[in-house]
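Quick note, the sequences are listed as chains A and B, same order.
All residue numbers for the first sequence refer to this note's numbering, where the first residue is 1 and numbers rise by one.
All residue numbers for the second sequence refer to this note's numbering, where the first residue is 1 and numbers rise by one.
Treat the hints with care, as some may be off.
Incomplete in silico selection of chain B near chain A, CB under 10 Å [unchecked claim]:
1) Pro9
2) Lys18
3) Cys58
4) Thr62
5) Ala82
6) Leu88
7) Phe98
8) Leu102
9) Thr104
10) Leu111
11) Arg134
12) Asp135
13) Lys153
These are computed hints drawn from the structure, not numbers from a lab.
Predicted model, so just to flag it, every value in this text is computed and none were measured.
Beta carbons are placed, not taken as given, at the ideal position from N, Cα and C, and that holds for glycine.
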Amino acid sequence: MNPRGVWAIYRFEMARFGRTFWTSLVVPVITTSLYFIVFGSAIGSRMTEVGGVPYGAFIVPGLILLSMFTESIGNASFGIYMPKWAGTIYEILSAPISPLETVTAYVGAAASKSIIVGCVILATAQIFTATPIAHPLAMAGFLVLMAVTFCLFGFLIGVWAQSFEQLQVIPLLVVYPLTFLGGAFYSIDMLPPFWRTVTLFNPVVYLISGFRWTFFGEGDVSIGASLGALALFLGICLAIVFWMFRTGYRLKS
Amino acid sequence: MTQPDPDTPALAITGLAKTYASGVVALHAVDLVVAKGEIFALLGPNGAGKTTLINAVCGIVTPSGGHAAVFGEDTQRDYRSARRRIGLVPQELHTDAFETVLATVEFSRTLFGKPRDPAFVEKLLRDLTLWDKRDAKIMELSGGMKRRVMIAKALSHEPDLLFLDEPTAGVDVDLRRDMWDMVRGLRERGVTIVLTTHYIEEAEEMADRVGVIAKGRLILVEETATLMKKMGRKTLTLNLSEPLARLPEGLGQWDLALAADGHELVYEFDTQAEATGVPSLLRAMSDLDIGFKDLNTRQSSLEDIFVGLVHDNNVQTAETGS
Ligand SMILES: Nc1ncnc2c1ncn2[C@@H]1O[C@H](COP(=O)(O)OP(=O)(O)O)[C@@H](O)[C@H]1O
Ligand SMILES: [Mg+2]
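Using the sequences and the hints, build the whole thing.
Encoded structure:
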């Protein structure tokens, strides 16, 4: 075991975030505020409630998830892509640190930052609309699990990517479509039956629904299905990371 | 923990091989033992496989076959204990541009599992004349200073085996001198050093033993002095006024050969020998009335040695049919 090594990487990553601390907090806050103005106020004035929840509050879980998803992927993928790109990965590869410890350090740091961002957005949201939290502990747990899962996913992308372009393309091609179509701003009950069925293949639906459950006590799908989907997503990411390190995929030649 | 057995080599490599995904065979089953406290130079032209060998030991390249042990610890099975004892200064300058010198060196020390030790790090940075720059961002430093930072990082966890991959490539005179001072200082403290170079002078100056590597094969491992003897040969070529049909008997005591249809007399000699035999040869020729129009001498270069060795090696492998 090399806890000092894990801590060294964790601190290195947190220092990197620290250098851009304000921009990385201000950007999500402004984005969230814009969403509130456009969706919450403009549309919300026409569409007052969804399933008994005021529309402004209804979109809060989806907004947090959207920001955390983009932040996590951005930070975690960049965190491992940079040393690969700059060549400094040699030191990590030659250090007495296990693959599991390396992932823990990188993903732990990125997830810490995502959790901070998530909390800041939740606080911002409270300024616009009082959002009740039905199950605060479950909410916190879900937030942490989502942060870790998204960051693992981001880490995979960082290992896989061979150019800055590839690093950018996944968030644009995958995250936004899946999140927007995953019911971040509406309930899938509002869709025609055919599209509702199609949507059920979107994993993000389960995440948003589960997260929403922790706020309002109900979601589009059962909380059990949401937890199952999250566990599956996490498990798949873990398996791929494990395989990457075992084979040295795009890290070692 | 390893047994403190004084006979355990610092590095023991058996059958270490590497074929890259591209199909390039960079290492053919290399065997090598480096004793504790030794300075060992891996000498070879570009593309010989020096970096691949080091990276395969350090964990940056996954070997296709074979094993390596560092102070008796297998570099794959017991990678933690093996790697704690290894310091690596890679060939390329890879640094974190936005980090400060002090932060990056402290990072390296803790990454390798050592507790913080500000006094040790300060001494290390002072020795490498980096202390005044400790708060500078690495991107503000010159190439030479960056290389010093890489050395400081490699030494930050007090390794017992240090790999220096082409430490003097593109390095100024000051740093070169400091580097050799440092290497000598480390050796006095018992650190084993494996360095790579393609300059024979460098190997001669620093190393106890030299391994010559070419095309992924370690074709020769010798004491530096022995190798220098082989390298120190010169060839004297005399362009004769009149061609000779065969060597005159009066010149039998020299190791001579005729070339260019008897127009040239070629003499190979050892520059480090007590008597090279050149003056006496010229006297004997004048006694025999063999005149010459011109002469030149040529030092056998590293290139010649490589060509010779690789050729011999190919002949040998062809003969043994392996
Ligand atoms: N990552 C790699 N992928 C494919 N081939 C490589 C890689 N690294 C090195 N090689 C090849 O392996 C051979 C040995 O390279 P290297 O170990 O860098 O030699 P040296 O350090 O002696 O110059 C060369 O032919 C080189 O092109
Ligand atoms: Mg090299």
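A closest beta-carbon separation below 10 Å is what the hint needs, so does Leu102(B) meet it against chain A? violated, 13 Å
Is the interface hint satisfied for Cys58(B)? The criterion is a beta-carbon contact with chain A at less than 10 Å. Holds - the Cβ of Cys58(B) comes within 10 Å of chain A, reaching about 4 Å at its closest.
Taking 10 Å as the limit, does the beta-carbon of Thr62(B) come near enough to a beta-carbon in chain A? holds, 5 Å
Answer holds if the nearest beta-carbon of chain A is closer than 10 Å to that of Ala82(B); otherwise answer violated. holds, 8 Å
Can you verify the interface hint for Phe98(B): is its Cβ closer than 10 Å to any Cβ in chain A? holds, 7 Å
Taking 10 Å as the limit, does the beta-carbon of Thr104(B) come near enough to a beta-carbon in chain A? Result: holds, 9 Å to nearest chain A Cβ.
Against chain A, is Lys18(B) within 10 Å by beta-carbon distance? The hint holds - Lys18(B) has a Cβ within 10 Å of chain A, the shortest such distance being about 9 Å.
Evaluation of the interface hint that places Lys153(B) against chain A, nearest CB under 10 Å: The hint holds - Lys153(B) has a Cβ within 10 Å of chain A, the shortest such distance being about 7 Å.
Please check whether Leu111(B) passes as an interface residue: C-beta within 10 Å of a C-beta belonging to chain A. For Leu111(B), the interface hint holds, since the closest Cβ of chain A sits about 4 Å away, which is under 10 Å.
Does the closest beta carbon of chain A sit nearer than 10 Å to the beta carbon of Leu88(B)? holds, 5 Å
A closest beta-carbon separation below 10 Å is what the hint needs, so does Pro9(B) meet it against chain A? violated, 20 Å
Chain A contact restraint for Arg134(B) - C-beta distance below 10 Å: violated, 16 Å
Of the numbered hints listed earlier, those contradicted by the structure are 1, 8, 11 and 12.
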